[in-house]
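For the record, the sequence lines run as chains A and B.
Position one of the first sequence corresponds to residue 1 (this note's numbering), numbered consecutively onward.
Position one of the second sequence corresponds to residue 1 (this note's numbering), numbered consecutively onward.
Please keep in mind that the hints were generated in silico from the structure rather than gathered at the bench.
Yeah, the Cβ is synthetic: ideal placement off N, Cα and C, and Gly gets one too.
Fair warning: there could be bad hints in the mix.
A few chain A residues that face chain B, going by a derived Cβ cut-off under 10 Å, partial list only [as the list claims (entries may be wrong)]:
{"hint": "1", "residue": "G54"}
{"hint": "2", "residue": "L81"}
{"hint": "3", "residue": "G82"}
{"hint": "4", "residue": "T84"}
{"hint": "5", "residue": "F87"}
{"hint": "6", "residue": "R91"}
{"hint": "7", "residue": "I104"}
{"hint": "8", "residue": "P105"}
{"hint": "9", "residue": "L106"}
{"hint": "10", "residue": "S108"}
{"hint": "11", "residue": "P109"}
{"hint": "12", "residue": "A111"}
{"hint": "13", "residue": "R126"}
{"hint": "14", "residue": "A150"}
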Amino acid sequence: MSNEHILSVREVTKAFGGIIAVNRVSFDVNKGDILGIIGPNGSGKTTLINCITGFVKMTSGEALFKGKDITGKAVHKIADLGLTRTFQIMRPYYSLPAYKNLVIPLFSPRAKRTGGWRGGGKLGDRDTVGIDILEEIGFERDSYVPYKIASTLPTGYLKRLELARCLALKPELILCDEVFSGLSMSEIASMLPLIERLQMDGITLVMIEHRLRELFRVANRVMVMNFGEKLVEGTPDEVMADERVKVAYFGSEEVEEVMTYA
Amino acid sequence: MNTEQARKERLDRGIKVRTDGIYSLMSWRELSYLTLPRMVLIVGMLILPFVMPSLYWHRVISIVCIYALLALSFDFLAHYVGLVSLGGAFFVGTGGYLAAILNSSFGFSPIFTIPFATVFGAAICTVLLIPCLPLRGVYFAIVTLMYPLVLARVIEALDILGGTDGIMGLDSFPNRWVEQYFMILMVLLFVFGIRRLVNQDIGLVFRGIMDNDQAVRASGINIIYYKAVAVFIAAAMGCLGGACLVHIYMWAGISQFALDFSIIPIAATVIGGAGTLVGPLLGCLILVPLSELLRDFGTLRIVFYSLILVAFIMFRSEGIMVFGQRKYHQFERWVKV
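Build the full structure now, drawing on both the sequences and the hints.
Here you go:
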């Protein structure tokens, strides 16, 4: 794996009035890695992603994507560079069938540019490409699931749909905001190979997670946040051995569970 | 019904259920089931001027068409792009005054002024509305409501463009049949055109913006650009209506900025069925002639008019078109249940 940083975040700070949600957080993501971001509720993980992807303007600091400064750029311009995100609260287009949900990202300038006619360019049939992507991500092609209206789909499929919407853009980096939350153990078990395959396809992932055990199976590196600050960064084992992490998660059974497991 | 026919129908039905809207049909019966309602609308609209040939009713039909264009523009913006627009008066006024200026000051004929006012009027409206496009919620409605008030007062106070008298002596259509069929064809063109548009890929982007604009932005699409495109399309319909209106009345005045042009299309959309695109046309076909028929009651007209509106909203709040569609599908292929 090359040591090229696909994403570098430098001293990002976000203050909502007097409340500092993210405080001088810096980290780098290597190309092809899976970086997990963990931390207790309210520790600023989602705000950090919002800052990087431009949904929220950072108070100070900067973010570099493939060496290019993306600080303060418009959301659609950042996505256009190949940095996409999923949402913690799923945001499908509820009134459209699942495969039509993908027509919208396939209509974007990036998909038209990178995908050629197969990806939704001028001659491409975006419906077919959408169904192809859905099949890749675990919608059974021959069933009626890809054709169902998104509001009738169960959570597991909606989480996949979130990922599929990112994949339609042929991204280089996906910031996943809790893709495992709200899923049953078996659903997560079926998602894990998918994540691994994305990594094999050369897509870099940053995953915010609360399901530590599952995260540590796929993540190369883990960063822990607490009260808006970066606590530790390292391999899963290093992080779990760290005293400060134990304190941050004090009383949390899951950490003990993972500790014994690891 | 022989076996083969039954088999075809079963296949058709299976395909329809699975694909939800995209299918090819094999039996004539299925084809007529789909095309009949459309044909009723098209033929009905086309023979309307013959059914009511009097000068008075011809004028009513023209007004119905203008309101139908406005209602269509409201329905498109509100239910396919998620922008609640009260801009009917703004669009009509802009299109109307533009056509009137071109006609009276430069002497262009309606053949030129109507398309020009449609395109450039829509461009003016879009540019003026761009500043409030990044906002979500009620702001767009408020701004579209304010513009016609502002423009009407500006014209009145500065006494420009004819002031309170308006611009008089404009050219009319060659004759009333040309006027009728031009209006009717434009309405049909836009109804079916917009219906097609919202199911195209760009239409899906519009609907995506309505459902969930954050996800559209996260997909690398500039939503302000697409909102502006949608506003341009809607404004073009309104400006076309306005341009036709001034040529029908041969006069452009401040009353083109009247609130009626914003409110009646909304009432028509509610009655006809929101989000159906044909519903607003039906709503206008009911509401406008109704208000004419009620003229016999003098001042009580508004009372009856309001009562009918309230009754509609209380007992058929989904709208005629939605109700009709449901009933029609219940009797699929004219099989008695």
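Hint numbers contradicted by this structure | none
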